[in-house]
Every structure is written in structure tokens, then in C-alpha cells.
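Chemist: Let the sequences and hints guide you as you build the complete structure.
Under the numbering used here, the first residue of the sequence shown carries the number 481, and numbering increases by one thereafter.
Keep in mind that the hints were calculated from the coordinates and are not lab data. Heads up, some of the hints might be wrong.
[Stated by the list, open to error] Calculated pairs, EDC-like style, for lysine to aspartate or glutamate (alpha carbon to alpha carbon, straight line, at most 20 Å):
1. K665 to D698
2. K722 to E688
3. K731 to D651
4. K613 to E602
5. K665 to D643
6. K665 to D686
7. K731 to E748
8. K722 to D711
9. K744 to D727
10. K587 to D643
[What the hints assert, rightly or not] Across the chosen pairs, the derived CB separations fall in these ranges:
11. A724 to N565: 24 to 32 Å
12. F537 to A713: 23 to 31 Å
13. Q532 to S677: 39 to 47 Å
14. A724 to Q612: 29 to 37 Å
15. A516 to R726: 17 to 25 Å
16. A662 to Q758: 47 to 55 Å
17. K597 to A739: 43 to 51 Å
18. N555 to A724: 38 to 46 Å
A virtual CB, placed ideally from N, CA and C, is assigned to each residue, including glycine.
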Amino acid sequence: MTGSIIRFTPARVKCVALAALVSLSHCAASAAEAPASISGPWRIIANSTDTQATISFYTKVNDPSYVGRVVRFDNHAVSGDAALNIDCQQPAYLQQSPMTLNEAIVKTSGERRFPPKIPVAEDFGLNGQGMQKITPIVLQCQQGHLGPDGESIGNWVALLSADKLLMYGNDNSYFVLKRVTADEKITPRFSCNAKLSATEQAICGDNELAAWDRSVTDAYTIQLQQQQEIDPADKATLAGMKAAQRDWLKKRNQCQTDAACLTKSMQERTFELVSKIQ
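Modeler: Now the structure itself:
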């Protein structure tokens, strides 16, 4: 039996080529579009580095510099607070095959040089989630920077639930983010029900300012706790830390209700305090 020969006329060749071009264009457009499941703003609620690592990292567990910050995903960019150093322009969102979280962590963090060689979710504070199936979305920036690539996978994010997202970050750390909703309300570390100054009222009325207030207070509290653990008898050092915080509060209050001034003041103070945390 002889095989049949399919003859393509010039018109049909043109049609097939056009169909292929349309298909490729559709794929490129789909990759460039932020999936609806992650599109929009997300707020970092926790982060952790490798608890089994034998070296220390600049990034701290639940680092006040990062917790509370917002990351936004859309078709044109992945952007975030200046503290995150994210500026990813024209991102491609590339959906990977489903895998367990433990499998994703091995692909990302890689094996350790010393036992235990295989990292698992629990090593990064993601307790009880290692066998959960996730679908990583690798992000590729046409311009700018998002974060580090993993050992054998690009920088990625993945949904842990409808309103919770996991993201790989610097220093082999993982960030847990919560979807920002229209009715989100962030409260500062001080009570908004007391008699308030103009500055405190401004902080209570703005989610981002309230989030930075929480970061400053958390960093300050950690610094005090560490100093007390190092040398409980050293009252002079503790007194100096408390005096420095009072002096900073006076300077912060000079911003009055200027949101940009308040943000800068609290951001710089947070970074200063975090740099002293061990």
C-alpha cells in the first residue's frame, strides 16, 4: 500500500504559518499575563531562613524589615516596597508542573554539604506542609530584578491556599504572604483607642504606616530581649537603648502627619535596629 501525499498550495502554506504564529503569540501573551489567582497586592506575614544551616544570614527569621511589606503582581510588573528591592518589569509567569512543597524546596535550596543533606519544609518554618501539592509559577523579568533563582528552578511563587502565597527570597529564605483585601486593617503596636497625637492618628489611619510602626516596635523589642539574654546585669546598655528609642520617637513626631516623612523615619529606624540584631 502506498502512502498518500499531502500537497500544500501556497495559500494553504500561508494559512498554516499564520495559524502557528497566532498560536505562538497566544502562548507568549498567556505567559506574560499575571494569573488571576495571584494578581494584585500581597502582604508578607512571615519569613524564615534555613534553621539547619551552619552559617548565619543577613536576613532574620520574621525579619521586621520584610514582614508587613507589600508585593504586587500584575501584567506589567512585579513591584514592592523599597525595602524588598523588587523591580521586575514585563514579567513572564511560567506555570510549572505540580509537585510537593518538599520537592520544590529541594529544587530551590539544593542539597546541603553536611547532614541533613535534604532540606524539607519544616526547616523553613513551614511545618506540616511538606507533602502539600503546589504549582510553582516561575517569574522571568524582561528588565529589572525580582529575586534569586533556585538551584534547578527559577525564582518562583506558589499558592499555599486561595489567600496565602509562598515566595522565594534572598539568603535562601521563604516568604509567606497574605492576600491584601479591600477591608484589610493593620493596627500599630500602640492602642488607637487612647488619646492620640496627630502623628499617632495618622499612623492609625494608614495601613502602611501602621505596618511600619509594627516593624519598628518589633525590631526594638528583639534588640532589648537579646541584650537582656546576653547580659541581664548590664542595666546601662539597656538604659541607653531605651533613651535612643525615645530620642527617635521625638524626631519621628516632627513629621506630624506627613506620610512620606513618617515612612522614611520608621523605615530607617527599622533598618538601623535590625542591623544590630544577632
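Chemist: Against each hint, give a clear statement of whether it holds in the structure.
Modeler: Evaluation of the provided hints:
no., hint, result
1, K665 to D698, "holds (18 Å)"
2, K722 to E688, "violated (25 Å)"
3, K731 to D651, "violated (33 Å)"
4, K613 to E602, "holds (15 Å)"
5, K665 to D643, "holds (16 Å)"
6, K665 to D686, "holds (9 Å)"
7, K731 to E748, "holds (12 Å)"
8, K722 to D711, "holds (16 Å)"
9, K744 to D727, "holds (16 Å)"
10, K587 to D643, "violated (24 Å)"
11, A724 to N565: 24 to 32 Å, "holds (27 Å)"
12, F537 to A713: 23 to 31 Å, "holds (30 Å)"
13, Q532 to S677: 39 to 47 Å, "holds (46 Å)"
14, A724 to Q612: 29 to 37 Å, "violated (44 Å)"
15, A516 to R726: 17 to 25 Å, "violated (48 Å)"
16, A662 to Q758: 47 to 55 Å, "violated (39 Å)"
17, K597 to A739: 43 to 51 Å, "holds (48 Å)"
18, N555 to A724: 38 to 46 Å, "holds (45 Å)"
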